[in-house]
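Protein sequences appear in the order of chains A and B.
Just so we're aligned, residue 1 is where the first sequence starts under my numbering, counting upward by one.
Just so we're aligned, residue 1001 is where the second sequence starts under my numbering, counting upward by one.
Treat the hints as calculated values from the structure; they're not laboratory data.
Please note that the accuracy of each hint is not assured.
[Claimed, not checked] BS3-like, lysine-lysine: derived pairs with alpha carbons at most 27 Å apart: (1) A/K8 to B/K1469; (2) A/K40 to B/K1229; (3) B/K1100 to A/K78; (4) B/K1229 to B/K1330; (5) A/K78 to B/K1229.
These are the residues of each chain, in order.
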Amino acid sequence: MNQQQQEKAQAYWRANVRLITTLLIIWALVSHVAAILLAKPLSGITFGRIPLSFWFAQQGSMIIFVILIFVYAWRMNKLDREFDVHEE
Amino acid sequence: MNTESWTLLIVGITFAFYLYIGYLNRVRETAGFYVAGRGVPAIANGAATAADWMSGASFVSMAGLIAFLGYDGAVYLMGWTGGYVLLALLLAPYLRKYGKYTVPDFIGDRYYSNRARAVAAVATVFISLTYVAGQMRAVGIVFSRFLQVDIIMGVVIGMAIVAFFAILGGMKGITWTQVAQYGVLILAYLITAVAISARLTGNPIPQLALTFSDIAPRLNQIQIELGLKEYLAPFQNFSQLNVLFITLALMLGTAGLPHVIIRFYTVPSVADARKSAGWALLFIAILYTTAPALAVFAKYNILETLNGKTVQEARSIDWVVKWEETGLLKLEDKDGDGRLVMTSDNATSEIIFDRDIIVLSTPEVAELAPWVVGLVAAGGLAAALSTASGLLLAMSSAFSHDIYYRILRPDADERQRLLVGRATIFVAILIAGYFGVNPPGFVGEVVAFAFGLAAASLFPAIILGIFDKRMNREGAIAGILTGLVFTLVMIILIRSDRLLGTEAPILNSFLGVNAQGVGVYGAILNFIVSYVVSRMTPPPPEHIQHLVEDIRVPRGAGAAVAEH
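Next up, chain A with everything else stripped away, as it sits in the complex (with noise of 0.2 Å):
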């Protein structure tokens, strides 16, 4: 690997690992902060008919899960093209 491509690939795994955490970030807002850490104060605010809480706990928080995984794999797909590292 000469400097330029190593370079590149090093430019590839930064843009990866940034959006890896963003992601991740999302993920523990919607579970452990929004259902667990801030359980009580959110129990106070109603959405529908059910505390706030409770529908990150048992509805919500699983279905930003999926939206994650295939916003990641949009996301990742289109970087590989950007780097001129996708698959053949």
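Use these hints to put chain B onto chain A, whose structure you have.
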């Protein structure tokens, strides 16, 4: 036709269907046996993973578990789905790019050590074995309940069917059978949930009915009036700290379970591995977001129907009589006032129901046609069989591929390896069957063991192998052993009353965290020990650093296949 004939007919048809698919997908080469020839489309692999993941117990018991735990049931919902996000973002694409057969393969090569490979293989066998021990019992119970045979007979029928398609088709046979099993189980679950949702709330979509109808607040109100724990309020059953740690332990454990990870080796490309994890979680979430709704509907319905009634009134309902006969529902007018009253204490409560009744009784409670009961039976059996087969394959590949071929007999040819693969899966089935018939006294603890050990051993080692180029053999082995031993000892100490027969647990908790959550501390210890030891010992050789650079980019994943 009556319920029993419908059950036999539908179960018979679905079994014939699985056997046919297993026969169509028989294999002759090792890549087919271990990784389905890497020809499984992302969406099909997602469905297979979902079926693999959802066991007979989660099909039958999960909604009931949530109905009893209320808000705190979220630990299982979030824990068992949140792990897939970690799997998709941190593990699946890289392991697919790496492109060998098993988890110990990656650990052995990445840490350039057969000792690391052996440790990972032993951990894999141990985790899968504890998990399968619980599953086989569930297979036996599900079979015996639905087919009216005794548990031993139930286990034997289950074993014979799994043996047929697993030995013939290996991963390929298992995968395509699991796709069919997912279809059967989700159809059965949704039909009953939609029917009871429409009946109780007028809204046929369970997820929307839970959120936007008044059924959840009404259940909450009834529970308060009866003196039961509030349904919608958090931390009634576990402390906040335990909810956090159990959720995390189940997430890390899910991402570290070998039979789940191995699935992402079967897809054609890295892009497919990423998408496949999304499909898997979507298919799982369809059931997992339905379960809490079903929990609320069924519990509300049972309380509404029975509480405050006289014994005669209650026994005039058909399903009440039927479930009372099975022992899953107990009605007794303990204070002699002629009315049944439910309380939070089983000693005084006049209505006691087993959690399994939540899913099993739904078709009758919602007055659905008899064939739906048959379909639920087929769904429960599909869930149990698909999980057992996935675990057996993970166990057998760790032994036949990693220990026999990679360590003991590297010169074995294709035919010998396939033969050993088939022989070990057969032995694994016999061992699992033995545990199904003679369950160890701690079946209830196996979930804590399997997830805690996976979280504390394999998960950190794989993550560090990908994300920390400097991680070396010494660090990884020290980390895995620390995590494994710490978690094992802690679970044994905290559950010593059931595992060792001591009068009280030797340890109540570790820093306030119970046995189900203690794997998180194990994982943290693993990360710390790995890091410190690796920085005090020489860096990994240059070709390993190149290997890490290589698995970080998708290009070339196809070439890795051609080598085999």
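To see whether the hints hold, each was checked on the structure:
no. : hint               : in the structure
1   : A/K8 to B/K1469    : 17 Å, holds
2   : A/K40 to B/K1229   : 16 Å, holds
3   : B/K1100 to A/K78   : 26 Å, holds
4   : B/K1229 to B/K1330 : 20 Å, holds
5   : A/K78 to B/K1229   : 49 Å, violated
Checked against the numbered hints above, the structure violates only hint 5.
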